[in-house]
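The numbers in UniProt numbering rise by one with no breaks, and the one at position 17 of the sequence shown is 17.
Treat the hints as calculated values from the structure; they're not laboratory data. Be a bit skeptical, because a hint or two may be false.
[Claimed, not checked] Straight line, CA to CA, 20 Å or less: simulated SDA-like cross-link-like pairs of lysine to any residue:
#, residue 1, residue 2
1, K215, E238
2, K231, P211
3, K115, S310
4, K29, D85
5, K150, Y177
6, K215, R245
7, K80, W306
8, K150, A302
9, K231, Y263
10, K215, T241
11, K231, S262
12, K80, E298
Remember, it's a predicted structure, so these values are computed and weren't measured experimentally.
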Amino acid sequence: MFHPNSNNALVIKTGGELSFEQRPSQIPKPRANEALVRVSHVAQNSIDIESFDNGDFGDGDVLGCDFMGTVEEIGDAVSKLGKGDIIAGVVLEGKIKGLGGYSKYTLADKELCFKLPPNIPPEEAVTVPLAVYTAYLGLFSPGCLNIDRKAGPETSILIWGSSSCVGRFAIQIVTIYRFRVIGTCSPSNFDLVRSLGASHVLDYCNMDMIPRIHKLAPELEYAFDTMGSSKTSSTVSEALTGVSRRLCTIRQSDAYQSNISSYASITEVCVWKAFLHDHWEGERRFSPSVSSHNSATELFSAVGSWLRDSIIRPNHP
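Taking the hints into account, I'd like the entire structure generated from these sequences.
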């Protein structure tokens, strides 16, 4: 059995000005549903920067959600992975002291990772897990938009911020299910967003954008705000004209809801709920969700083949 006795991680250092430093730590044996992974690549996400700047975690915590690496040991309940497999996945940063993406070794949930397809470079594959996971939960999780995947091309979805990492995957995923996509981005990204599957692409800065959306989708039920701010969520809510008017955002706070249309229902996609552990960011608690975990399991069982078959394309770092 593989039993490393030390691990180097880039950890948060408190006491005075927040900073990072390298520290050694012991690596725990993976639990039944986990794999021990030697990390080769890690992606930096906006949540890493925000968590650090906001002081959401404490001394010794390790940031980094997206990782790629080689499986060194597996738990007793892990059957789809084996030693030597190269996988990419998402880790609950800050949950276990000394473990995260920014470390030599980390622990992977057996359901929240995928094997590296041979046609995808690792530096591209490592950018996939958190963004595609956020997009999928936002679209289909019962706690978010909860879109019926069998609804087909008669169903329109507004993806606000279509050229963002989450927005790109959201477009590609809904295209798999043959939905009609209205995307917003800057004109410089129009061709990119169209190439990913958007039926219509609009400049989010145009003053007449909301009336144009109303004309394109007179009974718009679903909108996904992949930027997540008070301004964007407020604007997106005005585009909804259908009966249920569901809006999902990647960030939500009481301040963000102050200008939301009273006719719209707003939810937040929270990826941490899929880990089936309580998660804290400062004073904010995220309770686990079995439905989110099931949605994430469903996604990660498919995403490797989607990448292999070019059904979805990773971002280029």
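Is K150 close enough to A302, meaning Cα to Cα at most 20 Å?
holds, 17 Å
Does E298 lie within 20 Å of K80 when you go C-alpha to C-alpha?
holds, 14 Å
Would you mind confirming whether the straight-line C-alpha gap from K115 to S310 stays at or under 20 Å?
It holds: about 15 Å lies between the C-alpha atoms, which stays within 20 Å.
Please work out if K80 and W306 have their alpha carbons no farther apart than 20 Å.
holds, 18 Å
Sort out whether Y177 lies within 20 Å of K150, counting only the CA atoms.
This hinted pair holds, its Cα atoms lying about 7 Å apart.
Can you confirm whether the C-alpha distance between K231 and P211 stays at or below 20 Å?
holds, 17 Å
Taking only the CA atoms, is the gap from K29 to D85 under or equal to 20 Å?
holds, 18 Å
Are K215 and R245 close enough, with their CA atoms no more than 20 Å apart?
Measuring from Cα to Cα gives roughly 16 Å; hence the hint holds.
Take a quick look at whether K231 and Y263 sit within 20 Å of each other, Cα to Cα.
holds, 17 Å
Pair hint outcome, K215 versus E238 [Cα-Cα no greater than 20 Å]:
holds, 13 Å
Within 20 Å, alpha carbon to alpha carbon, are K215 and T241?
Judged against 20 Å, a Cα distance of about 11 Å means the pair holds.
Is the straight-line distance between the alpha-carbon of K231 and that of S262 20 Å or less?
holds, 15 Å
This entry satisfies every hint, going by the numbered hints stated previously.
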